[in-house]
Structure formats: C-alpha cells, structure tokens
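S.K.: Here is how the chains run, residue by residue.
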Amino acid sequence: MSDTISVNSLSGVMSYLNSAPVANVNFYLYHSSGRSCTIVPNSFQYSLQSNPGVWINGTIHSQSETVFLSYSSGNGRSNTFYWNVLADLPITNTSVQIRFNLDDGNGVYSDYVNTDYFNIKTTLPVSTLSVSQYSNVYSLSIPVENTVDATYYKIWEGVTAPSSWTQFTSGQELISFVLAIGSEGTRTIKLQTRDNYYNLSTINSYQTFLHTVNPSDCNVNIIGTTYSDIYTGIMINSDNSMTPNREISLEFYADDLLDIDIKISGDVESSEYVDVWIPYRTSNIINFNSLNFYLVGTDYNFDQDRDITISFRDSAGNITNVVKTIRLNTKIFNCSNRLLREPSSEYDHQVMKINTLGQPEIVVKTQTLENTYTRLWDDIFYPTTHSYPLNVYGEFDEATAKTMNGVSNADYDAVQLSSGNVVYDEEGRPKTVDWTNDGSKNYSNLESSYSSGLKYWILSNPSAAEIKLNFEFFYLNANSYGPPYNNLSPYYGDCLVLYDASAEGATREIILNNGEKTYEILDSTKLVEIYAYTGSGNQVMELSSGYLVSADTYGAFSTPTISGKEKLCLIFYSDAAGTGSGFKLKSSEKQDITFKNYDIDEKNGELWLHTYPDGISYENDIRMIYDYYDTEVDIGYDDGSVSFSIMPSGVISADYTYYKKQEDITEEERTRMFILGNDDLVDYYDPNIFITPSGEMIDKVSTWDFSSFESGKLVSNFSIDKDRGVLEFYSGVGYGFDEFYFVPIDCRVTSDYNYHTYKRLSNDGYGSLSFRDSTIVADNTTVYPDYTWNDVKIVNEGNAILEGGQITFTMRGYDTNSDGTIDQVLDVNRPWDIQEGTPDETYNKVAMEVRSNYTFSLKPTRTEARTILSNWKNQPFGFDVSPRSRFYGRVCYVLCGTSGNDYPSATSVGSKTFSSEISGKFYSIDQ
Amino acid sequence: MGAPKIKIYQLPRGYSESGDNDIRESINDELLPVIDKPLLPEDSYLLTGVAVVEEDTGINIDFSVGKISSLLYDDNQQFQRPEGSPSNILSDGCYSPIVYNSLSEIISSSTYQATPSGILFAGIPPSGAFIEYYKTGENTNFVFTNKDWYDGINPSFKHYITEDDVIVDKEDYNFIAPSGVIIFNEDNPDRGVIKSYYSYLKSESNLFISEHENWVPQNIEGGSSGHLYMAPDVFVGEKDYSGDDTEDGSGNLIIQGSIPQFVESGYQIDFRKGSIYFSEEIDSVENPVRASYSHISCVENVTNQQLSLISSDGVFKYKCINDPRHPGSINSRWVNKDTIYIPINIYNDGELCPQTVTVNPYDTLTIKTEA
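As given, the protein sequences belong to chains A and B, one line each in that order. Here my numbering is used: the first sequence runs in plain steps of one and ends on residue 1240. Here my numbering is used: the second sequence runs in plain steps of one and ends on residue 374.
So that you can see chain A by itself, here it is in the shape it has in the complex (with noise of 0.2 Å):
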C-alpha cells in the first residue's frame, strides 16, 4: 500500500517577516509515513479572486521553510511557510487564493489544495505632516495625520532615521519635534510610517526656515507736519497759514533675513492699518516707506505726548517692537491783529512767556542745536565700485575701516588711521587714503551720451553760500578716445562737468517719504556749465581755461569758490574707450542744525509754539509785541488796481508808472533796447529772460513762442550787455520785418539772474575808487593824513588765466609826445575824464598789495602803508588768475612816500584823478 499525502486547514493571512510585508500559509500535513515533504516546483500558485480559475505561480519568501514536517496520524503536523507577496503583488490590495502540492520524495504527491480567498495588502500607507515654513523655536509641535493605512510613525532630522516606530493613537497627532541645535536656516524634518505589515511609507521630507533672532536695527521716524520727528499738529501751508493736521507718516527701517510685517498701535486713530499686521515688505530690507496715520487728539489746542508702538515681525514669528514718542501740539495761540509785518533785518516779532517768577521771557525763534549738524550731499564716490566701507544704512562703517589697516581691499578703498583710529578731517569726514587705481574699479565708456542716462548729481545749496567742492581723488582719462564720441559731452575726453542748475525748470524737486527732498534734471539746457574737469592725478585740468588745477598726486583739489548757486549739477561724461577709475568728491561741510521754537502766520496773526526741546506749547500767558498793517494791499499790475483786505476810510490815491498804450506811443518812444533793474551781472552766468503777455502768469519752463503767444523763456533774436545791464532785441529788419518787429507788444519781459552790488571800480570801463579818507596833506600834520588806502576785491570772471597780472597806476590819459604830460585824452567823447594833480602827487605814491585771501588788518598804519608803496608798487600779483576766481588788494594812496617825509615838492588842491592798468598775458584753448 503506498503512502498518502493530505494536507489539512489550508489557510493564508496576511503577516509580515523581518519588517516586510508577507502572507502566512499555514496548513497540516498528514503523511502516512510521517515523511517530510516539499512543495512541488512551481506548484505553488495564486488565483485573485477577480480572475478564479486562473492560477499564477507564486514566489516562496527566500526566508521561509520550504521541507515540512509531517505526522501521521490526525490531520497532521502543522507547518507553515511565507508567501512573497510584495514580489508577486506589489502596491495590490486583493483577495487571492493559494494552492500547491506536496512532493515527500518518494514519489508520493499531494493533491493540490486551495486556501479560502484571503487579502492580500501590499499598498503603502499615506501620512503627511505639517511644518511651518519658518521657525523661532528649536522645539516644534508637529500636527501629523495619518491619511491612509498607517499605524506607526518615525520623525526624524537628518540622515539617519530612528529605529523604533511609534505608534498612531490616533487619526491626527501633535507630535513634539525638537530640532538638532545649531545654525539657523533651512531644517529638513522627515517623516515616515508604515502599517501593520510593515507596508512602508515612502520618505516624506519638510522644510522649515529655522530663525530665532528678532528683526534688528528697527528704526522708525515720525514724520510730521513739519517733518520734525519731535512735534506736529499744524501744516505750515505755502502761504503761512496754519492749518491743524494730525497726520503723521511713519517711516520703517528694519533688517532680518526675512519678510518682515508690521503692526502699528498705541495712540493713533483706528483705521485698517491700525492693530493689525500688515505685510510690509517681500525684499530685506525696509527702507523708508511710510504709512500714514492720524494721532489721537483734537484738532485744536491739543499739547500731549503721543506714544506709537512699531512692531516688526518676521516670518518667523520674532517679533522686535519700537516705542516712539511725538508731541502732539495743536495749540495756535492768536493775535488781536492779523496782518502782522514781515520780519526782516530791521524788524522781528517779540514772543514772551510768563515764566514760574510771573516775568515775562523771551522766546528766541530758533537755537542752533550743539553738537547736532548734517550736510548738504554725503561723500560721492565714482564709479560706486569705489567705497569706504558702509554699514546698512550707507553710513561710513567705522569699525570695518578700522579692520583695514588702512590698506584697500576689492571691495573698499582704506581710510586713514592712526593709532587704530579713524582720521577726520575738520568737518568730520573721514579720509580716503588708498584708490583702487588697477583697473578693476574703472567706470563704463560713453556714459551720459544719451539724454535719459546722463550719470549725474545734484547737489542742493539752498541758501546760495559760498561753497567749494572738494575732490580727494580724481582719476579720468583725458585722452579722447572715438568715435564714437560722447555727443552729448561739452569736451572730448572722460571729464566731469560742474553746471549751475539755479534757474528754475532747470531741475525738479522730489519730496520722499521721510521728508527730504532730492532732484532730477527737469531740463538739461538750463544748466549753465561753471567748470569742467578732467585728468588724473596732479594733471587735473580745468577745462574752459585749459589750466591745470592744484591737485595732488591723488588728483585731491578744491574748485574755487562758487557763489549764489542754489544748486548744482555735476554730470560725468565719458567716451568710447580708454580707462579711469573715477573720483571721489568729499561731502559737504558740516551745517548747522536749528532747532524753531515757534512759526508765525503773519497774515492772520497766529502764532504756533513748539519749544525747544519737546516741542511743547506753554500752559500760561504768551505776549508778543508786534507791528500790524492797518490794511493789506494787493496791486493788480495788470489791470492797474489795487485791493484793500479792510475798506479804506479815506480817499485813495497812488504814484506808479504805467506802460502807454500801443496807440499813445510815438516813434521816438520805440525802442528795441530794454534795461534790468540792475547792471554789473555776473559774467559767466547768463540771464534767463521770460516774456510774459498782460494778465498770464510767469512761465520759466516753456519757450517764448512769438506766434503762440504764451509765457516762456526768451531763447533767441537778443543779445544781452552784462556790464551795462540792458538787453536788445534784434531788429526784424534783416529777416524781413521791421526793426521792432521781436520786440514783444503788450507783454512783460523780466528776468533772474545774478548782480555785483559792490561798487565796481573796473571792468574794462571807468569806476571811481574813494579812498577812507576824503582829504590827505603832504605834510605831517595831525589834522589831516599824509595817506590813505581802501581795500578791493578782484575778480577774473572770464574764461582765461590771467598770467604774470600786475596793476599799474599810471597817469589818465596819455603823453603822446613823451614830454611827461598829458596831450591827449583817453576818450575824445569824455574829454573831461583826463589826469587831475602831479604824478607825484598822484600815482607815484599809490600801490597795491594783493593776498588770494582777504587777511589785511583792519587799518594800515602809516608805516605798513609806506611798506605796501615801497614793496608793491608796479609789482607782479605773483600768482596767476583762474577764471572764476577771487583775490584782495589793498591800495595805499602815501603822499609822504616810501621814507615817511617824500612828500611832493608842488601839490595841488582839489580832486585828484589818475588811472590804474591791470596787464598780464593769457592763453585760450579752443575746442
């Protein structure tokens, strides 16, 4: 009898073996001899429930038994080996069935025998986790939810996971996650689950931004009315008046790695920006932008502090809060008069408090604040690859310039040190000591050749004073280089061109945020050029006069001085080719901060307080004494009017003078010839002349248009005389009309410019020097003087050095004859102006000593002005004349001679008159 094979309770369940999913197959098997059996090969197979009956050979676990042992007796014994399931069925959930036979190797064979359908789950479970995309904290609360099929979880950062698992208790945990320590930036956390067969999750990686440092260097300006940062209330307007306005615009300044929102809060009314944390920014850095509020308080006779909250967050979370403070003051005190008088040098307002002694206290207008000053321009480096080295709000960095050594980097250019220290010069700007001069700071060829990329600035002076510019480095190829030449450029070569940019519509003023204002070139043909300069080193050369400036071997050197220049307008230009590496022009000198203790609406007679140094208004009684108008009187010029703001109570009459009408003027009235109110103008500034028809406003900005007939600038048909200060139209004659034909009918013509008020004594025309004294003697006595003298200014307002200049006095008028008089005169049409006393009584005993600075004392004595006439007299300057410049002379008239007792052997009495020559020779250099 042969043996018999059963296997017995065939079942499958779904298992896992070492961490990976597997299908248990466990059945009994009965074997008659009790021998072992194998399966048989590829008698091991699978059927999915959704296609029965047909069977696919499964894969046996590599680790699984595959010899069972049997019994013989019952149903056998019980065995068990491992399906492969992921080999077979992966990323499957079914329900499949098994079968096999049995082979004991003996020729015996089981039938094959199917389990049940059992599942199979081989899918991966789905979790997800949640981490914020920035952090402030080590320490994370991690919501993790288990989306699908898993039961446990692994967290971790890093590179090697944890090794044990923990548990799901639920669909959605928090799990606590504490990030490794150490630098802050981008974390990557990971997650990974698995099921109960250890189906295992892919790897799921979470970044988050780890920043743990508030935003630092948080700034804020409270920018007010008046753009102090210390009162508002009232708004100044263009005419004086006041106007309450609690308004204020905040300005931010914060740094921080990321995007930073801010919440403004404390006494500011509500509004949608008010307690609520606006996203402000998506770069770095806030630079002074602004939101506008308004401050809790009344609009009238309000004197408080007002406190702001400025929060700064980051998107992180950090979180650094500013307090500012600003004194809201809307206190306008009023005057029982309005109309008050305009102060000016003659004439201010008193204003006066009564103070705790119940006396009555001036209130100065303004006090300059000590140790307090700012500049009008900051320094200018060019190109901007040239630095000293600046700390985030483009300040000089004193502590990175100290690391220097003095010594430039590729990036900064070395300030001097000593002992460790930075070096200052008087007005507080720190030196440049080393130029990266190797062509690796070089700046761009044909820059500014095109109208709308000018490389310009504009420096703003607004109370006109004298000022100089001061280069410390100056490096720009002289050669020219082409073409293409700069077209736009004055001058061939890399040169950088100082213009005047006062005339109105020559520029246009933009007001930022904060207050302060900056300018554009508005229109490039109202600049007028004052220098041009160009070369490096101490070959710096001023262009218009084609005479090298006095620079050192850095191309350090100062322009002269500049007088009356609201603004100023530097343009760099370049051409084709060719290499410099720039300049660098020193700030502006230190100016003087003010601080105004009160504004006066001298039409309606309002006074605003603002006391140093709070800005607050006063509690008790303020008293001013002040001078009114009785009536305001407007003159309406164009229709010949006048107004009156209070009816007069008498009759009203006036003087003035009034154009004639086109119809009442004779032929003899008509002229082509115009006069300024003054003469003597500057030389190398050109008037703007504007036409304006009756009853229009003044345009400065648009061109004089014969045929339109509207305001603007007179451009062309005229010559101006500077000296005698008259302009003349052209006459139509040569271009078809008659001779009047340019000049404007029925129009206004006016003008600006710049005028000497000195006495002028000489400009290639007659002037007449009075000296101190009005009477001298020839002898030495102490009734009358034996000298006098009288101090001059010199000016060379043309466009050539005067070389080797000397003044000479000399007789009026000329001896032709050389017989030592005068026979003939210097203009037969003033045959009166002609020499009046002796030489020796007249120039031989007159010289001059000239200084390029103003340093004589107060009064010669007689002694120093025997010396001036023994040392000066037919002398040489002794140095050369820039254009633009200025020097002093001082003019000693010494009867009594060089020896004190010279004194003339015949004198005459009356007026003297004689002449002064200024010579000297000049070179002109000519595009």
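Be aware that one or more of the hints could be misleading.
To spell it out: a stretch of chain A is covered by chain B in this simulated footprint if at least three of its residues, at any positions, have a beta carbon under 8 Å from a beta carbon of chain B; those stretches are [unchecked claim]:
1) 317-329
2) 638-650
3) 959-966
4) 986-997
5) 1101-1109
Rather than coming from a laboratory, the hints here were simulated on the basis of the structure. Note that beta-carbon positions come from the ideal geometry of N, C-alpha and C, so glycine has one too.
Following the hints, complete the assembly by docking chain B onto the known chain A.
M.R.: Only chain B this time, still in chain A's reference frame:
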C-alpha cells in the same frame, strides 16, 4: 576765444570773505524799455529852464476884445483913467496894464498901481502917458500870474487846470500856449474857482527840465537799481577841452572845438521827473544846460492819482476810472517795480498805506479753539 575779464570792486567797510554778499540774485526783475544815452556830448539833450507854479488862481479876461490902447486922462494928481473911464481893466496877473510915457517907453510897474478903473501913480504922473490893457471878461477865459507856459511832452511839468480843486478835462477848454490863456469851451458864467499847476519858461533858473521822465540813475553803493554806464552826464555851457582832437583815417587833424562842458557837482537830479535842480541859478542863454541820459520809454508816471472803489466783493478794489491829466492810464498795465526811482505809493487820505501799527507794550494772545 576765451579771455580773462578782470573786475575790481571796492570793498565795504567791515568786509570779511565769509560775509561776502557782493553777488546777489534778482528774481522776476521786470525789464523796461529804454532809450540809450547819446554817445557824444554835443548830442546831449538841451534842457529847458523853468519855474514851477504849484497853484495859481485864474483871472478872468475878455481875451476876445484884445489889447486896448488908450491915453490916460488926468483925474486927480495921481490917479488917471483911460479914455471912456472903463471900470473893468484887468489889473492883475501877467496881463495887467502896461503904461508907456509919451516917448512910448514902458514905465516901470513899480512906480504905479493898476486898478480896475485906472492907474494910481506913486508920484507925479508923466504927461502924455498911455496905457495898454485888457478888460476883465466873462467867467470862461482865464489868465494867470505867468505866461510862457511850458507846453512840451514831459508830463511832470505840463500844466493842468482845476475847477474847485477837481482837475478839468483838457477837452473842456482851449489852451493858448505862449500866452497861458485858458478859454473854456462853454459859456458858463457860474464856473467855480479856477486854478492851475504849470511851469513857465525861465531862461535864468535853477530848474531845468528835459522832455523825458524816468532817467536811468547811477549805481547806489551797496544797493541796486543803478547803471554805471547809463547814468546821466550834465553839461552847462561849453568848453574847448584840450587833448580831445583826433585824426581821421587819413591822418588829418579833426579839431573837436567847443563842446558842452561837463559839470560833476552843484546840482541834484530828479530821475523820475527828468529834471535837474542847480544850487545856483543858471542863465541858460549864456550857458545852455544839457544832459546826456538814458531814459525809460513807453511809460508815463502818475502822481497822486485818485482811485475809485469799483468792487467790494471780499476785497475792496480800487481803480482809476477818470483822469483828465493821464487819460492813458485808465485800464493801463502798471510797471511792476517799486524802487526809489520808480515807486509805487498807495495813499489813504494822503497817508502812505498800509500804515504800520506797533503793539506795545504787548498783546496777550488767546488760544484758538476752532477753525
């Protein structure tokens, strides 16, 4: 081609470089049409000697009858009447009687007194004397104290007539220039008091006037509004200056000869009116007075012109609506300048306005609580 241009300036006392305020800026300076000064002294303008009469009351004259010549008849020893014994002899003013002796020589008016009915001699009356006189007339014709009135174009010195202190429109009367006679166009015997402002020619005078107002002044030291090269030159008489002869292009001597003589002082110029006042009287027949000056043209000065209220809508606006003296000023454009030479003065009852009032010792200010 470039060149140096050297200017020399006299420094003010107390000068310092940091305080140098020599160069100043002028904004919206209004340019005025100007006639340049003559270049040559001999081309300078001849000025007219005048005397100004600020106010002179008119005298009625029967100008239509003309001058009457008549013998004087004895009345008593000293008072003599013309033939017909008229009672309406014009006895005042520049047309008062002229008395001649028998030799037709004018008898000095200091020796007699003219009356409406005759001549009252101070002493014994001359025998055979005769008289030339005008009659007083209706209230339409007027003469004044002086004749030879200036009738040029300088508005500052042209006459004007007032009736009861109101300026009379020139259209309302005829003016006979050399005689200074005013004849009203209408026969109105009820005219008020007629007065006149006028200048009369006076060859020996301190005051000499030009035909132009608004001379360009010289510089004011440290100030403005002046012009060094356009300021007036004044000449009195003539002089042959030495050293002023020249040669023509061919080397021929050009003798300049006598030209107007430049005077530097001794006078004061009224630039606005265009006149010169000499400290000493000048006989302009002997020494013609001339001046070379630049002057503003196409404009005219108005002095003490009365303005009328034309609107009171918020402000009280005044304009001139009638000015017989300066009819061209009506609705004219005013020159926008206010300098000492071209002033704009507004008066309220003759007082410059606005007037400045000083609040002293002080004003105690009040607090504004609402707009």
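S.K.: Determine for every hint whether it applies to the structure shown.
M.R.: Hints versus structure:
{"no.": "1", "hint": "317-329", "result": "violated (count 0)"}
{"no.": "2", "hint": "638-650", "result": "holds (count 7)"}
{"no.": "3", "hint": "959-966", "result": "holds (count 8)"}
{"no.": "4", "hint": "986-997", "result": "holds (count 10)"}
{"no.": "5", "hint": "1101-1109", "result": "holds (count 7)"}
In summary, the one numbered hint that this structure violates is 1.
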